[in-house]
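Engineer: For the protein sequence lines, the chains are P and V, in the order given.
If you count the first sequence from 1, you need to add 39 to reach my numbering.
If you count the second sequence from 1, you need to add 15 to reach my numbering.
Hints in this document: simulated from the structure, not taken from any laboratory.
Some hints here could point you the wrong way.
What follows is a set of in silico ranges between Cβ atoms, one per label pair, in the way DEER data are often shown [as the list claims (entries may be wrong)]:
#1 P:Gly54 with V:Arg88: 30 to 38 Å
#2 V:Gly104 with P:Thr42: 19 to 27 Å
#3 V:Asp21 with P:Ser151: 43 to 51 Å
#4 V:Ile22 with P:Arg128: 53 to 61 Å
#5 V:Arg96 with P:Val173: 41 to 49 Å
#6 P:Gly54 with V:Ala91: 46 to 54 Å
#7 P:Glu126 with V:Gly25: 20 to 28 Å
#8 V:Arg96 with P:Arg134: 19 to 27 Å
#9 P:Arg149 with V:Ile22: 33 to 41 Å
#10 P:Gly171 with V:Ser106: 40 to 48 Å
#11 P:Thr42 with V:Gly136: 44 to 52 Å
In this text the structure is predicted, and so the values were computed from the model without any measurement.
Every residue gets a Cβ at the ideal spot worked out from N, C-alpha and C, and that includes glycine.
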Amino acid sequence: MTTLTFEDFPPGHFGTFGPRHVTREEILAFAAEYDPQPMHLDEAAANASMLKGLSGSGWHLGSIMMRMLFDGFIGRTASLGSPGVNEMRWMAPLRPGDDLTLDVDVAEARISNSRPETGIVTFKGTIRNAAGMVLCEMESPIIVRRRDEAGAK
Amino acid sequence: MRFFEDIEIGAQREFGSFTFTAGDIKKFAMQFDPQRFHLDEEEGRKSLFGGLAASGWHVAAVCMKLLVADGKRLTAEAVARGEKVAVWGPSPGFRELRWTKPVLAEWGILQARNTGINQRGEVVFSFLATAFVPRRNAG
């Protein structure tokens with residue numbers, strides 16, 4: 040399979056990935072390990088919370104998005120890592136049994152000043168549930184090797 | 016946990032520490048972020064990170080883990096003092112998360128050629144040793 044490089048990410052819609060089914064068990068397991076707040080672990084407490092029902096940790100949703108990005112294209116991209124996340128908006132709760140779809144847009148693509156053999160591709164990822172409700176939106180830059188550099192490697 | 020009115024702008028608090036082992040790093044990466052530099056020491060060394068590096072999402076999740084644990088400690092203390100405790104709601108998101116330096120496993124792997132030399136300067140014994148050596152800033 041061809042490795043994707045900077046040139047493969049012009050601004051615009053890049054692709055749609057998923058669906059990814061999320062089980063109650065994995066929501067509880069992630070919450071128990073990393074985010075053991077009652078609204079992510081306990082049905083009664085969750086029903087009494089602002090989210091009115093058991094919901095997955097936002098960090099779980101972010102981690103699932105990472106995995107969907109990897110399976111979708113980062114696993115076959117000359118990616119050197121990411122310096123961070125510009126913005127994450129948790130807009131609606133992740134629920135047990137959700138089937139998630141990820142839309143990826145390239146918001147910006149520019150050649151790196153400090154490492155001219157690479158480019159910085161800023162992705163916008165949007166996760167929706169099966170009903171089409173947006174659960175979260177994230178904007179994050181990723182450092183990607185340019186083609187000449189990848190070919191010379 | 017505190018009520019909104021009790022929160023001071025500019026307040027700072029240390030809320031614990033966590034040591035990332037190579038095993039932790041790989042386990043999280045297998046599940047959520049199986050990029051080669053999060054799974055393999057040699058690939059990590061060849062990458063911009065310079066060593067096996069934790070997924071940024073793993074670092075974020077551990078930060079949440081420490082925050083929640085600290086919140087629970089504060090709550091228990093407040094309850095013990097007989098105070099009313101605030102139960103916080105969910106977060107609508109975050110901005111400007113910066114992964115400024117890689118989070119590397121606590122251990123480095125040393126490879127050294129150990130050599131025995133006799134009185135005439137001849138190599139009489141050698142082997143390539145491997146050892147796990149802790150990093151200075153582990154934990």
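Engineer: Checking each numbered hint in turn, tell me which of them this model violates, lowest number first.
Structural biologist: Hint check: 1, 2, 4, 8, 10 fail, others pass.
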